[in-house]
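Taking the hints into account, I'd like the entire structure generated from these sequences.
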Amino acid sequence: MHFDSSILIPVLPEIFVLTLACIVLVVDLFLKDEQRIITYGITQIGLIFAAVVTLLVVQPDAQVVFDGSYVRDAMSDVLKVAIYLVSFVAFLYAKDYLKDRGLFKGEFYTLGLFAVLGMSIMVSANSFLVIYLGLELLALSLYALVAFNRDSKQGAEAAMKYFILGALASGMLLYGISMIYGATGTIRFDELSTALASPDLNNMVLVFGLVFVVVGLAFKFGAVPFHMWVPDVYHGAPTAVTLFLGSAPKIAAFALAVRLLKDGLGELQMPGGWEGWQGMLIILAILSMGVGNLIAIAQTNIKRMLAYSTISHVGFILLGILAGTQEGYIAAMFYTLVYAIMSLGGFGMVIAMSRKGFEAESLDDYKGLSHRSPWFAAMMLLFMFSMAGVPPTVGFFAKLFVLDAVVSVDLTWVALVGVFFSIIGAFYYIRIIKLMYFDKPLDDSPLTAGMDTRIVLSLNGLSVLALGMFPAGLLSICTAAFAG
Amino acid sequence: MIADWPILSLTIWLPIIGGIMVLASGDREPNATRWTALIVAALTFASSLPLWFGFDSGTAAMQFVERASWISQFNIEYYLGVDGISMPLIILTTFITPLVIIAGWEAIKYRPSQYMAAFLIMEGVMVGVFSALDAMLFYVFWEAMLIPMFIIIGVWGGPNRVYATIKFFLYTFFGSVFMLVALIYMFFQSGSFDILGFHELKLTLTEQILIFIAFLMAFAVKVPMWPVHTWLPDAHVEAPTGGSVVLAAIMLKIGGYGFLRFSLPITPDASHTLDWLIISMSLIAVVYIGFVALAQQDMKKLIAYSSIAHMGFVTLGFFIVFIIMSDAGPGTGSGALLGVEGGMVQMVSHGFISAAMFLCVGVLYDRMHSRQIDDYGGVVHTMPVFAAFMVFFAMANAGLPGTSGFVGEFMVILASFRADFWYAFLAATTLIIGAAYTLWMIKRVLFGDVSNDNVAALEDMNSRELIVLGTLAAAVMVLGLWPAPLVEVMDASIANLLQHVSISKL
Numbered sequence: 000m001h002f003d004s005s006i007l008i009p010v011l012p013e014i015f016v017l018t019l020a021c022i023v024l025v026v027d028l029f030l031k032d033e034q035r036i037i038t039y040g041i042t043q044i045g046l047i048f049a050a051v052v053t054l055l056v057v058q059p060d061a062q063v064v065f066d067g068s069y070v071r072d073a074m075s076d077v078l079k080v081a082i083y084l085v086s087f088v089a090f091l092y093a094k095d096y097l098k099d100r101g102l103f104k105g106e107f108y109t110l111g112l113f114a115v116l117g118m119s120i121m122v123s124a125n126s127f128l129v130i131y132l133g134l135e136l137l138a139l140s141l142y143a144l145v146a147f148n149r150d151s152k153q154g155a156e157a158a159m160k161y162f163i164l165g166a167l168a169s170g171m172l173l174y175g176i177s178m179i180y181g182a183t184g185t186i187r188f189d190e191l192s193t194a195l196a197s198p199d200l201n202n203m204v205l206v207f208g209l210v211f212v213v214v215g216l217a218f219k220f221g222a223v224p225f226h227m228w229v230p231d232v233y234h235g236a237p238t239a240v241t242l243f244l245g246s247a248p249k250i251a252a253f254a255l256a257v258r259l260l261k262d263g264l265g266e267l268q269m270p271g272g273w274e275g276w277q278g279m280l281i282i283l284a285i286l287s288m289g290v291g292n293l294i295a296i297a298q299t300n301i302k303r304m305l306a307y308s309t310i311s312h313v314g315f316i317l318l319g320i321l322a323g324t325q326e327g328y329i330a331a332m333f334y335t336l337v338y339a340i341m342s343l344g345g346f347g348m349v350i351a352m353s354r355k356g357f358e359a360e361s362l363d364d365y366k367g368l369s370h371r372s373p374w375f376a377a378m379m380l381l382f383m384f385s386m387a388g389v390p391p392t393v394g395f396f397a398k399l400f401v402l403d404a405v406v407s408v409d410l411t412w413v414a415l416v417g418v419f420f421s422i423i424g425a426f427y428y429i430r431i432i433k434l435m436y437f438d439k440p441l442d443d444s445p446l447t448a449g450m451d452t453r454i455v456l457s458l459n460g461l462s463v464l465a466l467g468m469f470p471a472g473l474l475s476i477c478t479a480a481f482a483g
Numbered sequence: 000m001i002a003d004w005p006i007l008s009l010t011i012w013l014p015i016i017g018g019i020m021v022l023a024s025g026d027r028e029p030n031a032t033r034w035t036a037l038i039v040a041a042l043t044f045a046s047s048l049p050l051w052f053g054f055d056s057g058t059a060a061m062q063f064v065e066r067a068s069w070i071s072q073f074n075i076e077y078y079l080g081v082d083g084i085s086m087p088l089i090i091l092t093t094f095i096t097p098l099v100i101i102a103g104w105e106a107i108k109y110r111p112s113q114y115m116a117a118f119l120i121m122e123g124v125m126v127g128v129f130s131a132l133d134a135m136l137f138y139v140f141w142e143a144m145l146i147p148m149f150i151i152i153g154v155w156g157g158p159n160r161v162y163a164t165i166k167f168f169l170y171t172f173f174g175s176v177f178m179l180v181a182l183i184y185m186f187f188q189s190g191s192f193d194i195l196g197f198h199e200l201k202l203t204l205t206e207q208i209l210i211f212i213a214f215l216m217a218f219a220v221k222v223p224m225w226p227v228h229t230w231l232p233d234a235h236v237e238a239p240t241g242g243s244v245v246l247a248a249i250m251l252k253i254g255g256y257g258f259l260r261f262s263l264p265i266t267p268d269a270s271h272t273l274d275w276l277i278i279s280m281s282l283i284a285v286v287y288i289g290f291v292a293l294a295q296q297d298m299k300k301l302i303a304y305s306s307i308a309h310m311g312f313v314t315l316g317f318f319i320v321f322i323i324m325s326d327a328g329p330g331t332g333s334g335a336l337l338g339v340e341g342g343m344v345q346m347v348s349h350g351f352i353s354a355a356m357f358l359c360v361g362v363l364y365d366r367m368h369s370r371q372i373d374d375y376g377g378v379v380h381t382m383p384v385f386a387a388f389m390v391f392f393a394m395a396n397a398g399l400p401g402t403s404g405f406v407g408e409f410m411v412i413l414a415s416f417r418a419d420f421w422y423a424f425l426a427a428t429t430l431i432i433g434a435a436y437t438l439w440m441i442k443r444v445l446f447g448d449v450s451n452d453n454v455a456a457l458e459d460m461n462s463r464e465l466i467v468l469g470t471l472a473a474a475v476m477v478l479g480l481w482p483a484p485l486v487e488v489m490d491a492s493i494a495n496l497l498q499h500v501s502i503s504k505l
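Protein chains in written order, with numbering that gives the first Met the number 0: chain A, 0 to 483; chain B, 0 to 505.
Please keep in mind that the hints were generated in silico from the structure rather than gathered at the bench. One or more hints might be untrue.
[What the hints assert, rightly or not] Partner residues are not named here, just some residues of chain A that face chain B (Cβ under 10 Å, in silico): (1) Ser369; (2) Phe400; (3) Val418; (4) Ala425; (5) Arg430; (6) Phe437; (7) Ser475.
[As the list claims (entries may be wrong)] Here are some chain A residues pointing at chain B (derived, C-beta under 10 Å): (8) Ala377; (9) Leu380; (10) Phe384; (11) Pro390; (12) Phe396; (13) Leu399; (14) Ser421; (15) Ile422; (16) Phe426; (17) Gly467; (18) Phe469; (19) Ala471; (20) Thr478.
Here the structure is a predicted model, which means the values were calculated and not measured. The beta-carbon is built from N, C-alpha and C at its ideal position, and this holds for glycine as well.
Written as structure tokens, this is what we have:
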């Protein structure tokens, strides 16, 4: 059989990341502990190059390769670049944290890069099998990362929980996939939509399959009522891992949802209605926003609080997806990218506040931050207002576009529920601001974060404001991603 | 031609950029910081003056318009412009801010740069609220306004400041998000966020009522109207003097402005259907809150409640016109015109008077660190000049003829007579209740024998305080004796508004 090597061009970014991961794995073997910075350097430069490679292989039209199981389109380009850059920033924040705790090891970067590779594959998958492979590659790397601090009981417990629940979710997803395959006879997303259009389908099996797929998806997203793992994992994992876990994989989860629900099962949707997967997503979204925001109020640990806040943000992302329109996907994508930026900032602050022997996990540790470091208190203020959705920060526009999409399909009541819960959410975000600005500090030691973290964290904070003043640029990128 | 310059943008961004510069300069040289802030505020006031002098009062059309695309995908524009309704409120904003900065000159010793910067940024944002003609731009400014005020009350406020500021934030946030959904809904009906486009939008009565209620939640909290007023006394009592001044003088007006810019023209039929609701809420505010004010022991709380009562007059004036118009139509006589114009004059006048009253309390508080009426007595013996000013402002607050407080109240009462005798009767009781609570407070604080050693040790006002109160006294007097220029400026816009409102959208 003749092998046409040009079909490898669309997958160059993945090949690059895989090679990078292998190089890091091998090079790290020959490095002493004090030379570990080289591993870090290769990883970071590699991630930047991965983004460049992704941009180099951009084509105006979508390309489907490997017998239709893999696709490179505008959406995958945008999301891949976002994943590489977000991972870059996450690794950068994580460096000092890992060094201080004796966790600065090559395995972190190898596992991290395999997770990035898994995310890339999810983003570009065009069949159930490939998307499942990507998902498992991501999940297995993350299980190991959560347990990265071997001496931490909490970490081990969190990893165990994550693994068991994650395996269960994968099982559900696979079960759903098998049913859909049984009903339609295909696992390719593009063929699926034609198959679904045919009248002689076994509807019962299909609907069961759909339910299981959505359940698996909700597990991976951390949507209520499949959210139990989120707070424990966020809390138990080392903050550096939580930071990574909370940012880039959300982008991949968004891609998973779009690939499965829009590309694959798009035929089963009825915009604005309860039928198809819309109804399930409405329930998931409302529960996520409600439970996430309400329980976050009761938290005293900032990592747990941010975990519940994540759950509520997932609810908003699902709102955009359930609109089922072009505008809805664009809005959800905008929200996901903005959420990744805010989440990086929020956990980045937790890392910047912490130092050897001090994790800065309790809310009380943020008391009087404006005395200790007015600048970083201001950055945290921006992140919190942005998460609460207060203009002029970008979080407001993310919510606005999603609400726009929801109202446009005559689900105004869902939009009202959404804004109602965001009022409740505002409370715990401004409580952080209250602690930082209105309370006296418990200790007066200045922040010890390194210069690179400081600069990137500042840029991260200002980007929340700048994107809020000029959201049109990012929005047009998201629009372009769904233009095809 | 001066009208071609981007005056509105200048007035919005000059204080914001100036505020960021003040913030960046830090607290190493507090005096330089204060002077910079004052110069920025003065320049902003100067930059807003062309709005008044270049204003064409013969037309109801938007003037000084600036328009550029902002988020083209959603048709959101950077669209600014003023008419006779918003222009006086912008001038009020730029007029009050320098006074607030002067008033905080010595009183604020803790992080003066952040304090000054917060007020400057808030000034720019408030001007933005008054001049935005794109609903989303309006909303962004409207919400952004909360951030500096939240910080001001929380950082420089009194002992219970955290409770007060979180209550303030959540109340206003709660009110406004429902407005956001209403705006999005109208975006899908009209295809853009252009507020003037919303005015022409045809809506069914059900839609109008729902939208009206969404707006009401936002604006009633802001004004604030009974029964959602409870955040205001807390916020006022805990806020530093400058915060109280801006809150009472300008922020409350944004609620009233919202009724005129959104509720009335966008949902005229719903406004007509539900006018009884607003009128009753307003009358309860005027009468009941007046009695509540009578019972207060804390001076700031008393003035806060008096603010709610006075703002009740504003909303009464705005909605009494529906009763007048259903009897007589918009054209006949100027009964309807009188009501809305009276409300507007009342807003501007209350901006001066409430600012002055809070500054008077601030003068006392800086010396005695108490706001309790019982701690004072016989202040006139130690601070005669101050006492003269405070008595004058108290008279204005009670609506004495010759002061600006009289003009607005009189116009609204006059308009109410055209609607219904009993409305006018209830509204007019404010003249008695208002006089009672204000003058009784004056009697207990200023007159009588010197009550204790602290009062005996008081020193009279310094020149800085004299400048601030003197300026406000002049404004109150001028507006009271010669309100014609202000009324003329808003006449065309309000007549046009009433014409528009009188035509049913159904």
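Legend entry - Hint check, failures only: none
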